[in-house]
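There are 4 protein chains.
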Amino acid sequence: MTRVSIVGGSGYTGGELLRLLIAHPEVEVVQVTSRSRLGEFVYQTHPNLRKRTTLKFSSPEQLEPVDVLFLALPHGQAQTKIEHYAALAPNIVDLSADFRLRDAAVYQKWYGSPHAAPEWMNKFVYGLPELHRAEMAGANYISGVGCNATASNLALLPLVNAVGDNRADLIETASPIIIEIKVGSSEGGAEGNPGSHHPERSSVIRTFSPFGHRHTAEVMQELGLPNVSLTMTSVDIVRGVLATAHATVKPGVTTKDLWKAYRAVANENPFIRIVKEQRGIYRVPEPKILAGSNYADLGFELDESNGHVVAMCAIDNLMKGASGSAVQCMNLMLGLDETTGLEFMGLHPI
Amino acid sequence: MTRVSIVGGSGYTGGELLRLLIAHPEVEVVQVTSRSRLGEFVYQTHPNLRKRTTLKFSSPEQLEPVDVLFLALPHGQAQTKIEHYAALAPNIVDLSADFRLRDAAVYQKWYGSPHAAPEWMNKFVYGLPELHRAEMAGANYISGVGCNATASNLALLPLVNAVGDNRADLIETASPIIIEIKVGSSEGGAEGNPGSHHPERSSVIRTFSPFGHRHTAEVMQELGLPNVSLTMTSVDIVRGVLATAHATVKPGVTTKDLWKAYRAVANENPFIRIVKEQRGIYRVPEPKILAGSNYADLGFELDESNGHVVAMCAIDNLMKGASGSAVQCMNLMLGLDETTGLEFMGLHPI
Amino acid sequence: MTRVSIVGGSGYTGGELLRLLIAHPEVEVVQVTSRSRLGEFVYQTHPNLRKRTTLKFSSPEQLEPVDVLFLALPHGQAQTKIEHYAALAPNIVDLSADFRLRDAAVYQKWYGSPHAAPEWMNKFVYGLPELHRAEMAGANYISGVGCNATASNLALLPLVNAVGDNRADLIETASPIIIEIKVGSSEGGAEGNPGSHHPERSSVIRTFSPFGHRHTAEVMQELGLPNVSLTMTSVDIVRGVLATAHATVKPGVTTKDLWKAYRAVANENPFIRIVKEQRGIYRVPEPKILAGSNYADLGFELDESNGHVVAMCAIDNLMKGASGSAVQCMNLMLGLDETTGLEFMGLHPI
Amino acid sequence: MTRVSIVGGSGYTGGELLRLLIAHPEVEVVQVTSRSRLGEFVYQTHPNLRKRTTLKFSSPEQLEPVDVLFLALPHGQAQTKIEHYAALAPNIVDLSADFRLRDAAVYQKWYGSPHAAPEWMNKFVYGLPELHRAEMAGANYISGVGCNATASNLALLPLVNAVGDNRADLIETASPIIIEIKVGSSEGGAEGNPGSHHPERSSVIRTFSPFGHRHTAEVMQELGLPNVSLTMTSVDIVRGVLATAHATVKPGVTTKDLWKAYRAVANENPFIRIVKEQRGIYRVPEPKILAGSNYADLGFELDESNGHVVAMCAIDNLMKGASGSAVQCMNLMLGLDETTGLEFMGLHPI
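Protein chains in written order, with my numbering: chain A, 9 to 358; chain B, 9 to 358; chain C, 9 to 358; chain D, 9 to 358.
Worth flagging that the hints you see were computed from the coordinates, not collected in a lab.
Pairs count within a copy or across copies, as identical chains cannot be separated in the list.
Straight-line C-alpha distance at most 20 angstroms; calculated EDC-like pairs for lysine to aspartate or glutamate:
| # | residue 1 | residue 2 |
| --- | --- | --- |
| 1 | Lys284 | Glu48 |
| 2 | Lys284 | Asp311 |
| 3 | Lys59 | Asp345 |
Nothing here was measured: the structure is a model prediction, and the numbers come from that model.
Isolated chain A, as found in the complex:
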């Protein structure tokens, strides 16, 4: 059994990691830290874990050496103590934004302050298996992914020459690409704020960020898109992200070409599904049926009259957009089947 611990286990991504790792057949969870909940049973914070574990939150000061350390801290903290964590475990998966970007100047531009450990930025593999699977085998350090970046990257993955020369190259990457993203409330984390108070947050359609969201940097870096914009709108759901990307295909590209490209990506990736049906209720990707699952559902529609392609990706932000991808990365890092512990297929209806 691989011994793993979670640093920062009281938030939503930490709780989701716990849920997955407790049930993972190849892993033993050794410690879960939380300063604010120190000494409490983890199920008092994450009530779904009741009767499943008697773990209590422990102090971050008393972390023991393990095989794999998951860091689920607020952004900015992992980078200040990365040497300390690296001394405790040969393998680290950091779910925060600290090690997602490769360029210190880019980091400073989007996050507003210099990176505290720039020499570590290139030691991490970006944590999206669909883009970096080969590098993950045997890697020591893997970053997390931004949930909105993941929905965007996967929506566009079949359309750009992102990974190796077997990928399609179907859209005008220099033209503006508008990605409209609708998100649930769990994306904001476990700490409340005035706008997350139920009477204010219920039933909202709130475009809280028209452009300039930090996750944009991950899409630019990973897909090599210079002219991409993310617009963020909150809607009344807890888990879920739907990215709807608007791009322009190259001259002559047809719906048939797109089908071929999407099928190739779905065939290579166990958690990618294509949803494009002519009838029934579920014809397009929808996040509601993905709660708790690690799938990313992709869809597309091409207006052949003008080359406008609408590419969609639905995920559970806490799973494929955070903790699910993190466990998938750990599996690849350890040489396990990448789907281990991630078999839950989601619920219908829900």
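Starting from the structure of chain A, add chains B, C and D where the hints point.
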């Protein structure tokens, strides 16, 4: 025009009062106080008021004399300064719990501390027009009502001999009466707490108080019921209360008797409606269609085999359960038609 | 009192018209027709009207002459009997899509069949007062508006030279304009379908139309935009539309220029508000607080680095997007103040 | 591998069975029947199964012999063909109401028509393992459970002498027991109706059955309670039931006695958990965190001043209230660990 001010205007009941009073044809709103929002436009807090008023929040220290003062403060504050407020206005409507009960010992039992102005307790009329209309004409001081107490009192009103000798006396008042109440999130007020954070509050069915809710005291006092219990359950709605009361009718009481009693109450009270249909979607009282309206919708069903009567009342907790009743009381106090400014009939669908 | 009737009163727009017209001080509702509910009280279908009207649904065959006839029929029906209706009333407001477009060929392209009364297409004024106020005074025939078209048209109105020469001309109208629209379930009407069954419709983020929505034709016609695309996504709300439009400003256009243009539009139009705040919860237009109100809330944000402007408009689809605008049109047609009967300001919280 | 088939697989309980059985390590799903979806992939109806199975719906006429047959038909159908099904499989689990009751007269009273196969009524074990575990080992025929009956039965199980002489006997079973049940929309099944249309069903608090619900018969039969009443209220959730039962304890019974009784039940049953916390957000049983899990969360509160006990049980109606219990029964029937295939622990937040 009657000059009115609101003390404590940043909360939900204060905001709802503002909405009603700004549009009230017989009233001019002079001041609205808030310490935390001092100097801000009221529409920055209550966004529905944008383009409808240029009022700003003013300091409670600079309150000017007016004709009617509405107090919408947190519970416990009005009683400590009631002399001060009475010096500023001949008429006061206090929406808090401070002057709803008539007995200082009862107050202490339910609120846990002695009342700060017990000599004022009997100067106030309890603010439910359906029970105290006659006393309100010319009254100077009227209390608010608890929203759950109001749903309970109105559910049972046609069944008990509550007001004068023209009322029915249909249930065994000494037998246990169980009132199951389902409430929306606005009942908790404008200040958030960990349990009101949208990811935790969304989709809940949460029985947060099995018995012992403070509003029980108002039901006991107003209906004279010694053996009544309120069970509170939060559900996923913002505005709305449904009280479902379980009682036992006296021997021989029939459905026909109940119809007669309910019709009498509906006929006397402009905001009481009976909802008891054999077909269609809306056969029973439901709070969702009452958002923003001052109606209380009543329904009932009698199991003639065992005398079990289920009596229902749906209201908007911020309207009939708080600010709507307060304006209705002001209307009666001032000799206006009691429906003035309360004509909004609710929305369908919503 | 102006005598009005509603043809087709059992649907959501018919119900909303009834709500508005029953409370309208200058109007008397004579008849409301419905074949399926013939003889039933209107409040059995529209439960918010209980205790407010004793009207019953009457037969469309027994329509009496009135001053104003509102047609709230399914699309395609008004055009086949327009001569009949015109014989019954000098003034008609048709809420359907039948008389919104001016060109029979355009109608056929978007609606798939020839128009049944092409000679009537130019007798109607398009029913958006913000674009056609002057023409409405004294007009006999006014069309309805598409709710998504209205949100789109109003979002972009301050940016294009739509009405006369006093308007701005701020965006590149030949460049692609992407409008992402999020809508509630009432937009689908009162008749259910498999996808509107609550377990399937609840919590959705469902992009049901990536492009090609029929309302696109109204945006092209009214704003003169040749290259505009509407993408429709259903979310979990009943009433409400948010349109988020992505366009490119002309070289040199600044945020200050946009403020000037938006302020001009808000000043000319009583139901247009600008929502663009630096703090508080409600910083951008949101449909949730507009339920039941006739306001259109506009907002915008300009990325001056690349000219990308994000323009937003929130409305209640049944009010400003349908019945509210229809009553506003009637007011203008009759020479009344255009806000008469449309004063409800919306609720907060809700 | 045990070979199983599902008769009636297009509804919600059939879909949930499929989800569980496809992932069950000891089972192979041979056929799933549906007349209306004949020949379609099951994932077109149950979109969560996409990429997990290539099963198609087959005809009920072409059912093959298997080891276990699950019947997930509308109520009333299994009883007419039970001999046919029994000829196809030695083991049957019937999820409908057809074989839950033991007395033909009771069946007729609650279901309104005579039972078509009364001689089969006593061949079935009632499908709640917490009440009939011992009888299930080696049983051939097991019925389903009513979801509301299950929430009621489990809420009260620790308080009544239901199973053997090791159970408590803590409440006055002859006194009226009021059970208030709040339910989600999936309880109504996959077929829509006018009241399930999203604009009408969203945000409801709708007491659709004040008493007389058919599941009452199962509570009377299984717990031996002569005087029990179920009141059903729909709320805005898809999956979930909360039963809140009001009873009176026998003289002298204390909170400590209740703790002992509840702990005993939780210790004997792997899917029973007690939720009774003094702090945190999740202090009482709540269905929202149970979506997809087979847990039944129990809680209670005793008013020692008057003996009023409020006993709560939260379940997922499609899991513990239907398909989850059915799989648990199959496990017991086959001698497997009863938790096999039912390990999913639910999600937080959701």
